[in-house]
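A.B. asks: Please arrange chain L on chain B, whose structure you already have, making use of the hints.
Each chain, written out:
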Amino acid sequence: MTSRFSYGRIAHVVLWCGLAAASLWVSIPKIYSGATQYPLRPTGPLHTCDSYLKFATGASGASKDLISIFHSMTASKRIVIFTRKDDPFSSGLGMTTAYLASPHLVRLFEINGTHPDNELSKMNPNEVAAVVFCRINRPTWLPAGKVFGSGLEVVSMPEKVRR
Amino acid sequence: MSALALLGAFGTLLFAGYGLLTLLIRQQTRFSLTEQIAFSWLLGAGAVSLLLWIFGLFVHGVLLPRLVAIVCLALGFVGWRRMVPRPLRRRATSFEILLGIIIVIEIAVVFYLSFVHTLGWDGLLNWEIKARYAFANGGILPGTYFSDSGRAFSHPEYPLAIPFTELWLYFWLGEADQFCAKTIFPIFYVVGIFLLIALGKRLAGREWIGLLVAPFLFFVPQITVEVGSAIAGYADFPLSVFYLATIGCLFCAAEQGNAAFFRLYAACLALLPWVKRDGVILWTVAAACGVFVILRTKRSPLFFLGFLPGLLVICGWHFYLRTMHALRPADFLPVNLETLGSHLYRIPPLLSAFLAEFYNLPTWSLFWFVVAIGVAHLLRRMGNPRVLVLLAALIVPIFLYLLIYVFSSWPSYLDHVGLSISRLLMHVAPVGFLVTILAVSSRSEKNPARVREGRGVTCVTAGSERTPVVELA
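Residue numbers (our numbering), protein chains in the order written: chain B, 1 to 163; chain L, 164 to 636.
No wet-lab data here; the hints were simulated from the structure. Heads up, the beta-carbon is just placed ideally off N, CA and C, and yes, glycines get one too. Check the hints yourself; a few may be wrong.
[What the hints assert, rightly or not] Here chain L is said to cover these stretches of chain B; the calculated rule only asks that three of the stretch's residues, wherever they fall, bring their Cβ under 8 Å from a Cβ of chain L:
no. : stretch
1   : 14-24
2   : 111-119
[Said to hold, decoys possible] Distance ranges between label pairs, derived from CB positions:
no. : chain 1 : residue 1 : chain 2 : residue 2 : range
3   : L       : GLY301    : B       : GLY18     : 51 to 59 Å
4   : L       : GLY337    : B       : ASP86     : 36 to 44 Å
5   : B       : PRO29     : L       : GLY546    : 36 to 44 Å
6   : L       : ARG459    : B       : ASP86     : 50 to 58 Å
7   : L       : ARG254    : B       : ALA11     : 47 to 55 Å
[Claimed, not checked] Residues of chain L placed beyond 12 Å of chain B at every Cβ, according to the derived structure:
no. : residue
8   : ILE260
9   : THR460
10  : PRO512
11  : HIS540
12  : LEU563
Pulled out of the complex, with its shape left as it was, chain B reads as follows (with noise of 0.2 Å):
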């Protein structure tokens, strides 16, 4: 006849006891700060967007402002992004603009340094319908755009660009 409680049994038990237990004291920090780290949010249809583009920008609510402007733009032409390389902001910034640049087609520029004259003289202006800097300075012979805070701006192109 064999003891209910083996060594073995309780050696199992105590392993298993002590991994867990061993698990939650490791966990429990890192969960409780994860957890507690963030308020409540406004929730809303972009709520994402607009939480990217107020951190990347400081504009509030900027994500519908950017979908009126480019809707209110041809659709067949394309919506031209310039972002800077080695710069994440600037990076996530382009791409939070691509996406909302629905359903204009996009081209996206990752240039060095601050300044898009040389691919901006290539461009054929007829084919674009606005040029958007993402923490990347305006050519000053481009018009002013609208300004999102600190770091986007989007240029809507007229017909034909003169240098």
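C.D. replies: Frame of chain B; chain L shown alone:
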């Protein structure tokens, strides 16, 4: 109004899933309520997204959601006529009630977290983007989206299970809503918990083991709060739940004569490549395990037909992408022997990166350490084909994932690893929980009489549960 619309979307999705479940089970096996909800959700999400895609090839606009809703209701009607039998009810012990309360609190916290956080980067720009564009275009993705180089960052080649489940919500809501789209992800968490509880009971024969281990899912930071976690709107956690369902069903199907679980396994298997591109790797591993089970249990060759739906999904999606002239993904080099040979030097650094990830405590806590002990515990039971399947399903995908980074085209392949490794490992994490459940219960399983004390439905009893005695009871 939004709540009612969401209720309608989830209701139709669950109806469709329940109908499919009854068709697959054919009243041959008893399923607890948690299992029925879990499988109804998984099958419903898969069916609705596939129907939206397939019907979208022929119709669009208001007709598309109506057609899909009619099919969902028809399937629900089938389910109503052929209810899945439930196991005999028994009174829960106070310990089980306590564990149940803990799980309910955890689920509430996950829902809260899901609404506090926005969609993650990939959740927005890889997945939700497809739902939004399809919604704006009458339910089908615009042809230009697939070939638009400016939107290549959003991976147009990724499959549509998650985006089209979101699209289903949008149809009911009448608008694309990033906040409401998030509701589907905590539901996948609930489904994962339900499956762990139910499979724990089937694996170990005791209700409380599943109830005891499942709450620890919450305490894996990668699953709860880290980048790409269950709340971020990424496809990785849903994929891991589909994989858990697939492997859990295969484990139960390995029991002689249990064809119901094999059909369910085949259905979940088919949906793996539909959830994420990486699902093809999981499909390959789970299918290989399925072949092993068929051969080992000397089943009819007809069982091989179970792999056909998955192959159809893989080939169908590939053919569709080619037809749409989708841009080729740029993250990986061509997979061939020549590339493999010239990049073999990457394997040692990749191994170190993977090992480092396993003991990354802020991301995984002690999860992989616990799983490693579970694996060591089960090694002496490798002669059991079911244990072998479970261990293979856990370990082989990890090695295959390591291997795919050999083909990374990123300038720094280690950056590529660093960015995605934790999410890839998450795909097999719930199966790691199954391994742990089996290891925790392994001592009591030495005495089969004690296993049956649980009085619940186990894989062992499932095959013979339609005996006259049980039917009468």
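A.B. asks: If a hint holds in the structure, say so; if it doesn't, say that too.
C.D. replies: Here is how each hint holds up against the structure:
1. 14-24: The restraint on the stretch 14-24 of chain B holds, since 7 of its residues have a Cβ under 8 Å from chain L and three suffice.
2. 111-119: violated (count 0)
3. L:GLY301 - B:GLY18: 51 to 59 Å: 58 Å, holds
4. L:GLY337 - B:ASP86: 36 to 44 Å: Roughly 42 Å apart at Cβ, these two residues keep to the hinted range, so it holds.
5. B:PRO29 - L:GLY546: 36 to 44 Å: Given range 36 to 44 Å: holds, Cβ gap about 42 Å.
6. L:ARG459 - B:ASP86: 50 to 58 Å: Check passed, 54 Å falls within 50 to 58 Å.
7. L:ARG254 - B:ALA11: 47 to 55 Å: 32 Å, violated
8. ILE260: 19 Å, holds
9. THR460: At about 30 Å from chain B, THR460 of chain L clears the 12 Å cut-off, so the statement holds.
10. PRO512: Holds: least Cβ distance 24 Å, greater than 12 Å.
11. HIS540: Per Cβ check, HIS540 of chain L is inside 12 Å of chain B; nearest 9 Å; violated.
12. LEU563: 27 Å, holds
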